[in-house]
Amino acid sequence: MLKDLRRLGKVHAPAGFAGRVLQAVGLVDRFASLESPLGRVYVAWNLHGISAVMRVPDEAAFRREFEALNGRTLERSREIPPALRRAMESGSAADARRLTYDLRSCTPFEAAVLRKALEIPRGQVRPYNWIAREIGRPKAMRAVGSALANNPVPILIPCHRVVRGDGKIGNYGLGGPQKKMRILEAEGVDVIALEHWAGRGMRYKGVASTKIFCWPTCAAGRRAKEQNVRPFRTERDARAAGYRPCKLCRPAAA
Amino acid sequence: MSDDERMQREMSMALARDVDAAFEPFVLAYQDRVFAYTLNLTANPAVAEDVAQETFVSAYRALQKYSPARRRALALRSWLYTIALNRVRNLARSPAAKTVSLDGRATIDVADRGAGPPEYAERAETLGELRGALARLALRYRGAVVLRHVEGREYAEIATLLGQPIGTVKSNVHRGLALLRADLQRRGHAQRSSALG
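Taken in sequence, the protein lines are chains A and B. Its first residue numbered 66, the first sequence is counted upward by one per residue in the numbering used here. Its first residue numbered 436, the second sequence is counted upward by one per residue in the numbering used here.
Since the hints were derived computationally from the structure, they do not count as laboratory data. Treat the numbers as computed from the prediction; the structure is a model and nothing was measured. Please note that a few of the clues may not be correct.
[Said to hold, decoys possible] Cut-off 35 Å, straight-line C-alpha distance, at most; resulting in silico cross-link-like pairs (DSBU-like, lysine-lysine):
#1 A:K276 x A:K290
#2 A:K68 x B:K500
#3 A:K75 x B:K500
#4 A:K75 x B:K605
#5 A:K290 x A:K312
#6 A:K244 x A:K312
#7 A:K204 x A:K75
#8 A:K312 x A:K204
#9 A:K204 x A:K233
[Claimed, not checked] For each label pair, taking beta carbons as the anchor points, the in silico distance ranges come out as:
#10 A:L112 x B:Q620: 32 to 42 Å
#11 A:G264 x B:D438: 51 to 61 Å
#12 B:A456 x A:M206: 30 to 40 Å
#13 B:D438 x A:T275: 26 to 36 Å
#14 A:S170 x B:S437: 23 to 33 Å
#15 A:A251 x B:N525: 57 to 67 Å
#16 A:A251 x B:P460: 35 to 45 Å
#17 A:R162 x B:D455: 21 to 31 Å
#18 A:L134 x B:G587: 32 to 42 Å
#19 B:P460 x A:M206: 46 to 56 Å
#20 A:D123 x B:R616: 54 to 64 Å
#21 B:A456 x A:A208: 26 to 36 Å
#22 B:D438 x A:R71: 14 to 24 Å
[As the list claims (entries may be wrong)] Per the computed footprint, the stretches of chain B lying under chain A, defined by three or more beta-carbons under 8 Å from a beta-carbon of chain A, are:
#23 450-463
#24 476-488
#25 491-505
#26 509-522
#27 568-574
A virtual CB, placed ideally from N, CA and C, is assigned to each residue, including glycine.
Based on the sequences and whatever the hints tell you, model everything.
Okay, structure coming up:
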């Protein structure tokens, strides 16, 4: 009988139990819908920070997908935190960095990728290999790609500002390449010119007056006069011509 | 230090730092233990779930009132057992719930849920009977037997959490087991004789 008594203890709490407890004490994720450059999105947050941004047709779809993904329940919020509204409206990297993010569902590597993407200023783009190098995992380009594809908080963490190594803008989880192009254009990136440049194999923009080379969208490089711009295909070409990498956009290790 | 103790230590430190941030991991860490305890005290999954939920809600309210030092000093699992037992005691006192928690027929079994060994299914009936018999024990025996032989706690821990001398706990456990055996035997006889009927 003692053995059987022991077995009585092998019980799991019912499905969704923890979620109901958290709801009862007011610790569930709250959510609201907001206007974004890609139309209406649903955003959820909790004590850890912003936990989800989704482009879904309606509230029911958001609840369904959020709960399937996180196992937590949602409660509609009557108010939108001002910092969230500001970051969503301005698209500014500084505003987005002021928010906190709930990345508990991400691995440490994925979180590092996302935090790095958060550094890319509005109106600029960086290639996947830049992120890989900056986080100290230069060979993990593919993993960088999937970490960005699984970004739980797109738009706010701007995975759309990360483009392919060959300069093409690449795919986007929130509605494909067209949506990526649309949001980048809304942020002031000349996507057509960028792809045109990339098409000719030009990856870096050198500035003759300073002997510095940048990523093509770097703010420092953008201020250069047209006659001073020197395109480079490779880092080696740029260095051979006596140029050093820009310290702001870090197109190569210094 | 065992893994279990280390986990408790880390959890109470986290709760001491920030109740809100640590509360979800706290619930996830102890929900199975608390639910098993309330289920074995009430023998009714629906009631057990309500009681388990109330247990965590009271725990949350208390944690918010406690100072960080007090939160750090909590023996979390024992503390939860204490809260849960008090809840069950209140339930037993309220006349509406009496039939639910103390009626031996309420023996819906969930012990075999999930990926247990196959013999669980065959034993489900026995386990259900056992849980029913437990629920018929007076609460002072039931609490002690469940803590000692279902939850596997040491006498010293049980004595502290029940606020009773260790001798009292031991005698309640032994008396409880004897009553349980007698109850099961009586039922077994009754069933066999009615089958022969």
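The hints, checked one at a time:
1. A:K276 x A:K290: holds, 13 Å
2. A:K68 x B:K500: violated, 40 Å
3. A:K75 x B:K500: Given that 35 Å is the threshold and the Cα spacing comes to 33 Å, the pair holds.
4. A:K75 x B:K605: holds, 23 Å
5. A:K290 x A:K312: holds, 19 Å
6. A:K244 x A:K312: Distance ~31 Å between K244 of chain A and K312 of chain A Cα, so the pair holds.
7. A:K204 x A:K75: Distance ~45 Å between K204 of chain A and K75 of chain A Cα, so the pair is violated.
8. A:K312 x A:K204: holds, 22 Å
9. A:K204 x A:K233: Measuring from Cα to Cα gives roughly 20 Å; hence the hint holds.
10. A:L112 x B:Q620: 32 to 42 Å: Between L112 of chain A and Q620 of chain B, where Cβ atoms are some 53 Å apart, the hint is violated.
11. A:G264 x B:D438: 51 to 61 Å: At 58 Å between Cβs, range holds.
12. B:A456 x A:M206: 30 to 40 Å: holds, 34 Å
13. B:D438 x A:T275: 26 to 36 Å: violated, 59 Å
14. A:S170 x B:S437: 23 to 33 Å: holds, 29 Å
15. A:A251 x B:N525: 57 to 67 Å: holds, 59 Å
16. A:A251 x B:P460: 35 to 45 Å: Roughly 39 Å apart at Cβ, these two residues keep to the hinted range, so it holds.
17. A:R162 x B:D455: 21 to 31 Å: holds, 23 Å
18. A:L134 x B:G587: 32 to 42 Å: Since L134 of chain A and G587 of chain B have Cβ atoms about 36 Å apart, the given range 32 to 42 Å holds.
19. B:P460 x A:M206: 46 to 56 Å: Cβ of P460 of chain B to Cβ of M206 of chain A: about 33 Å, so the range 46 to 56 Å is violated.
20. A:D123 x B:R616: 54 to 64 Å: holds, 59 Å
21. B:A456 x A:A208: 26 to 36 Å: For A208 of chain A against A456 of chain B, whose Cβ atoms are near 28 Å apart, the range 26 to 36 Å holds.
22. B:D438 x A:R71: 14 to 24 Å: About 19 Å separates the Cβ atoms of D438 of chain B and R71 of chain A, which means 14 to 24 Å holds.
23. 450-463: Since 6 is at least three, the answer is holds.
24. 476-488: holds (count 4)
25. 491-505: holds (count 4)
26. 509-522: Contact hint for the stretch 509-522 of chain B vs chain A: violated, 0 residues under 8 Å.
27. 568-574: With 1 residues in contact (Cβ-Cβ under 8 Å with chain A), the coverage given for the stretch 568-574 of chain B is violated.
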